[in-house]
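Now for the letters of each chain:
Protein chains: 2
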Amino acid sequence: MSAVKNKILFFISIIFCLSENAVAQQDDSLMLRKIYNEILVNGKAYDWLSDLTKTVGGRLSGSPQAAEAVKWTEKKMKEAGADSVWLQEVKVPHWVRGEKEEGTIIRSDGKKEEVPVCALGMSVATPVAGITAKVIEVHDFDELKKLGEEKVKGKIVFYNHPFDQTFINTFEAYGNAGKYRWAGASEAARYGAVASITRSMSSSDNDYPHTGSMGYNDSLPKIPCAAVSTNGANLLSKILKEDSETKFFLKQTCHMLDSVLSYNVVGAIKGNEFPDEIIVVGGHLDSWDLGKGAHDDGAGVVQSIEVLRTFKSLGIKPKRTIHAVAFMNEENGLMGGKKYAELAEKNKDKNIVALESDAGGFPPLGFGLNMTDDKKKKIQVWKPLFLPYNLWNFEGEGDGADISPMTRKGLPGIGLHVESQRYFEIHHAKTDVIENVNKRELHLGAAAMTSLIYLLSRYGL
Amino acid sequence: MSAVKNKILFFISIIFCLSENAVAQQDDSLMLRKIYNEILVNGKAYDWLSDLTKTVGGRLSGSPQAAEAVKWTEKKMKEAGADSVWLQEVKVPHWVRGEKEEGTIIRSDGKKEEVPVCALGMSVATPVAGITAKVIEVHDFDELKKLGEEKVKGKIVFYNHPFDQTFINTFEAYGNAGKYRWAGASEAARYGAVASITRSMSSSDNDYPHTGSMGYNDSLPKIPCAAVSTNGANLLSKILKEDSETKFFLKQTCHMLDSVLSYNVVGAIKGNEFPDEIIVVGGHLDSWDLGKGAHDDGAGVVQSIEVLRTFKSLGIKPKRTIHAVAFMNEENGLMGGKKYAELAEKNKDKNIVALESDAGGFPPLGFGLNMTDDKKKKIQVWKPLFLPYNLWNFEGEGDGADISPMTRKGLPGIGLHVESQRYFEIHHAKTDVIENVNKRELHLGAAAMTSLIYLLSRYGL
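Protein chains in written order, with the numbering used here: chain A, 48 to 508; chain B, 48 to 508.
Hints were generated in silico from the structure; no laboratory data involved. Mixed in with the good hints, there may be bad ones.
With a straight-line cut-off of 27 Å between C-alpha atoms, the simulated BS3-like cross-links for lysine-lysine are [stated by the list, open to error]:
| hint | chain 1 | residue 1 | chain 2 | residue 2 |
| --- | --- | --- | --- | --- |
| 1 | A | K285 | B | K91 |
| 2 | B | K477 | A | K101 |
| 3 | A | K81 | A | K122 |
| 4 | B | K430 | A | K425 |
| 5 | B | K91 | A | K430 |
| 6 | A | K477 | B | K477 |
| 7 | A | K122 | A | K138 |
| 8 | B | K226 | A | K91 |
| 9 | B | K430 | A | K423 |
| 10 | B | K285 | B | K226 |
| 11 | A | K192 | A | K101 |
| 12 | A | K192 | A | K317 |
| 13 | A | K424 | B | K430 |
| 14 | A | K430 | A | K138 |
A few chain B positions that, by computed beta-carbon distances, are all more than 10 Å from chain A [to be verified]:
| hint | residue |
| --- | --- |
| 15 | D130 |
| 16 | Q135 |
| 17 | K138 |
| 18 | E148 |
| 19 | D156 |
| 20 | I215 |
| 21 | K395 |
| 22 | Q427 |
| 23 | P431 |
| 24 | P435 |
| 25 | L458 |
| 26 | E488 |
Cβ pair distances, simulated, as ranges [said to hold, decoys possible]:
| hint | chain 1 | residue 1 | chain 2 | residue 2 | range |
| --- | --- | --- | --- | --- | --- |
| 27 | B | K456 | A | Y506 | 20 to 28 Å |
| 28 | B | H186 | A | V428 | 39 to 47 Å |
| 29 | A | V143 | B | D94 | 49 to 57 Å |
Virtual Cβ for every residue (Gly too), placed ideally from N, Cα, C.
Model the full assembly from the supplied sequences, consistent with the hints where possible.
So, in structure tokens, the structure goes:
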């Protein structure tokens with residue numbers, strides 16, 4: 048009998064030794080399972096994204112579609128059960144593509160081959176008749192500099208910098224190639240080029256030009272710049288090797304209009320214990336105009352609304368306040384992100400952390416943590432809760448552009464880190480449509496976000 | 048000076064303290080980077096898969112396409128640089144779909160709605176005129192049993208067992224639903240049903256019927272069985288709720304022909320230190336006939352050939368012998384897997400481990416390890432080498448069907464474990480085509496396999 052007694056005492060002592068932490072972890076584990084079940088079975092994110100992309104479509108800042116998307120989001124946040132929904136006024140640039148884009152390779156014998164091109168966002172137009180000039184191909188700025196004015200003047204500079212396929216995370220290849228899209232026109236203009244064309248920033252060989260923002264150096268002439276599809280770039284490069292006298296004809300009609308009054312959309316659930324502490328979760332509502340902005344970043348918007356819906360649907364009353372934010376104008380100005388940060392400062396809002404989803408609706412791998420090491424550790428101890436859902440990487444630091452005006456000032460920032468292999472096939476191209484989004488992958492992202500927001504709302508940071 | 052001397056001595060001692068293991072790990076880490084670079088930049092797997100699926104197409108065992116695929120694989124293994132390539136004779140069943148498949152919902156008022164159906168593999172045909180009968184819907188075998196002969200006799204049993212969306216790994220949902228496809232016909236026949244139709248084993252609502260093997264219980268009447276698309280199943284279920292007198296018309300012309308002589312294809316690189324120890328890497332060459340067998344399992348075949356190509360291309364001389372095997376007849380018989388095991392036993396081959404890729408050409412998450420704990424640990428210590436490539440999960444146990452005749456007898460088995468969210472949208476359906484394969488994802492799988500085969504060839508198991 049004494050042995051049995053000992054055993055009983057031993058087990059009782061074990062039970063009492065269970066730290067509060069262990070009990071909390073078990074609670075949390077059960078809650079995460081509930082959140083995942085709710086979203087995988089009843090989630091609305093995919094249907095919402097389908098509706099947004101099909102009924103509203105692409106929604107570049109300043110466009111009628113962007114205005115419609117604001118109304119759409121306001122309505123959906125209310126339907127999702129937000130305690131309150133409001134708009135934040137924000138002035139956004141209004142660049143339009145115009146009606147015509149044309150790119151043609153012209154061999155020295157006059158033979159022509161059309162290739163798919165698109166104006167880069169914020170570029171100026173060509174003259175109405177277009178520009179025809181010889182092409183000089185470079186792979187990087189060093190090559191351009193070595194060629195100098197003598198070889199570049201009067202020509203179209205063709206930046207043919209492909210994605211480095213050896214990066215496992217395709218965002219790194221994107222980062223590497225980015226400067227030729229952003230600064231290529233002005234650098235070419237420095238040596239007297241009349242236009243620049245850039246190999247599309249895509250991980251695959253395809254026939255779609257991929258747009259994206261560029262910026263001018265105000266001290267240099269503003270020349271038109273366009274992206275050519277990766278297949279088009281391969282063709283042009285091949286032809287130039289055979290015939291260095293090859294010319295290119297570029298025509299584009301894009302131009303800037305007056306700024307437009309637009310809006311961030313914010314939906315809130317009020318915290319019941321620390322209502323002043325605010326947790327931000329968001330994505331951006333604007334998108335490029337060529338596709339429908341499904342992955343970029345309709346996904347982040349509907350996932351953020353799904354966070355609200357899931358809290359309400361499961362009857363979770365968060366201790367801290369949650370703001371789901373659909374930011375406006377990430378693609379060509381970041382005015383929405385700046386405005387949210389400015390208003391938060393003005394209103395003395397106590398934002399404690401911000402999570403952004405802007406890497407596409409792909410299977411989540413973990414979270415990028417842009418914060419001090421002690422705060423990182425606080426989140427990293429939750430990793431075992433996420434492993435059953437295939438989130439394992441809590442070591443990266445990438446967060447999101449829209450929250451950067453706050454995180455640059457010290458707010459802890461988090462980015463949903465996803466499997467990136469397919470993103471840059473469709474990014475900023477005609478192919479960013481709902482048909483290329485997988486429902487379960489999108490919903491797994493929403494569930495991961497909701498789970499992390501739940502933990503942050505329970506424990507703070 | 049003495050402080051400097053001390054420091055130097057300290058560093059020298061550190062260098063000497065580096066265990067052989069640490070040095071080896073660094074070597075291995077560099078070699079894995081080389082393997083990944085080679086495959087991500089120069090990999091041929093995707094182009095091969097494109098060629099196989101487009102010029103040969105779907106290749107069900109016994110079909111002319113399967114015979115063509117054998118020749119295709121033999122040629123590619125030689126091109127990849129295998130030291131030797133040979134065929135293993137294997138008799139395979141030859142089931143054909145025939146020319147006509149038709150499924151129609153007939154309401155009691157005579158109104159008809161056609162739904163997409165396909166015969167399940169190995170099913171018998173309907174009579175030439177088809178079968179028309181009332182439909183009885185069940186969700187599982189318990190329901191069927193409760194209904195009994197009284198309610199089932201003379202009817203068509205409709206198994207409407209959807210995928211459980213709460214599983215994170217969709218293979219678990221597939222596993223759960225599998226028995227209704229495999230055994231549904233005989234269980235329905237037990238109670239006098241005249242045919243059975245099964246909800247397609249798919250994770251999404253779509254318009255494609257998904258085929259797959261079924262088997263008859265020889266003691267019961269053999270009735271025809273078909274799969275209906277998930278959207279078709281949803282529609283039928285809805286109509287049955289409104290009108291329980293609804294009938295279904297099923298017609299299919301599938302039938303068995305005589306067995307056919309076919310082949311496994313084996314390509315080998317001989318080990319230069321322990322040539323008798325054989326490491327098997329493979330996938331299956333046969334596929335269902337509705338699609339082109341791109342993910343299932345052209346992917347595994349071209350990845351296995353890529354292992355050979357990469358060893359040769361990088362000049363890696365493995366210590367142990369590698370067999371890349373394209374198994375025949377996984378889908379409806381497993382005769383190739385059985386034959387390879389039988390010949391290995393007969394020839395007293397010393398196979399030490401087998402790795403199979405048969406879960407689609409999706410981003411790899413890790414490896415399933417079906418082996419004793421001590422051997423598992425030997426592989427699990429390599430996990431840090433794979434983390435930079437997003438392989439983190441070495442805890443599962445799933446390997447592959449083709450290697451199961453060997454692993455059931457104790458051979459350590461490994462399965463490439465991949466992100467499964469999209470697989471069962473296209474699995475065994477018309478949509479299993481190259482357009483749904485991502486080149487980088489396929490190549491990352493090949494690189495993971497080559498890396499593991501490299502480590503196994505260096506260290507054994």
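So, going through the hints one by one against the coordinates:
For the hint linking K285 of chain A to K91 of chain B, the alpha-carbon distance of about 21 Å falls within 27 Å, and the restraint holds. Between K477 of chain B and K101 of chain A, the direct Cα distance comes to roughly 26 Å. Compliance with the 27 Å bound is thereby established for this hinted pair. For the proposed pair K81 of chain A and K122 of chain A, the alpha carbon gap of about 26 Å is at most 27 Å, so the pair holds. As the CA atoms of K430 of chain B and K425 of chain A are separated by approximately 25 Å, the hinted pair is consistent with the 27 Å bound.
Our distance criterion of 27 Å between C-alpha atoms is broken by K91 of chain B and K430 of chain A, whose separation comes to about 37 Å. For the proposed pair K477 of chain A and K477 of chain B, the alpha carbon gap of about 25 Å is at most 27 Å, so the pair holds. With a C-alpha separation of about 22 Å, the suggested pairing of K122 of chain A with K138 of chain A holds against the 27 Å cut-off. Of the pairs offered as hints, the one joining K226 of chain B and K91 of chain A is violated, with about 30 Å between alpha carbons and a cut-off of 27 Å exceeded.
A C-alpha spacing of about 23 Å is found between K430 of chain B and K423 of chain A, which places the hinted pair at or below 27 Å, so the restraint holds. With a C-alpha separation of about 23 Å, the suggested pairing of K285 of chain B with K226 of chain B holds against the 27 Å cut-off. The suggested pairing of K192 of chain A with K101 of chain A is violated, with an alpha-carbon distance near 45 Å, which exceeds 27 Å. Among the hinted pairs, K192 of chain A with K317 of chain A is inconsistent with the structure: their alpha-carbon atoms are about 56 Å apart, more than 27 Å.
Of the supplied pair hints, the one linking K424 of chain A and K430 of chain B holds, its CA atoms being roughly 22 Å apart against a limit of 27 Å. With a C-alpha separation of about 40 Å, the suggested pairing of K430 of chain A with K138 of chain A is violated against the 27 Å cut-off. The Cβ of D130 of chain B lies farther than 10 Å from every Cβ of chain A, with a closest approach of about 29 Å, so its non-interface assignment holds. With a closest Cβ-Cβ approach of about 35 Å to chain A, Q135 of chain B is found to remain outside the 10 Å limit, as its non-interface label requires.
Against the 10 Å criterion, K138 of chain B stays outside the reach of chain A, whose nearest CB is about 40 Å from its own CB. At the 10 Å boundary, the C-beta of E148 of chain B stays outside the reach of chain A, the nearest C-beta of that chain being 26 Å off. Listed as outside the interface, D156 of chain B is consistent with that label: its C-beta sits roughly 32 Å from the nearest C-beta of chain A, beyond the 10 Å cut-off. With a least CB separation of 6 Å from chain A, I215 of chain B falls inside the 10 Å interface cut-off, contrary to its annotation.
Here K395 of chain B stays apart from chain A, with its beta-carbon at least about 41 Å from theirs, past the 10 Å limit. Chain A leaves Q427 of chain B outside its interface by the beta-carbon criterion, the shortest separation being 15 Å against a cut-off of 10 Å. At roughly 13 Å, the least C-beta separation between P431 of chain B and chain A is larger than 10 Å, which holds for a residue marked as non-interface. At roughly 7 Å from the closest C-beta of chain A, the C-beta of P435 of chain B falls inside 10 Å, breaking its exclusion from the interface.
Every CB of chain A lies more than 10 Å from the CB of L458 of chain B, the least distance being 28 Å, so the non-interface label holds. Its beta-carbon lying about 5 Å from the closest one in chain A, E488 of chain B breaks the requirement of being farther than 10 Å from that chain. In this structure the supplied range 20 to 28 Å is violated for K456 of chain B paired with Y506 of chain A, their Cβ-Cβ distance being about 51 Å. The supplied range of 39 to 47 Å is met by H186 of chain B and V428 of chain A, whose beta-carbon atoms lie about 41 Å from each other.
A hinted range of 49 to 57 Å for the beta carbons of V143 of chain A and D94 of chain B is inconsistent with their spacing of about 40 Å.
In the structure shown, a violation is registered for the earlier hints numbered 5, 8, 11, 12, 14, 20, 24, 26, 27, 29, in ascending order.
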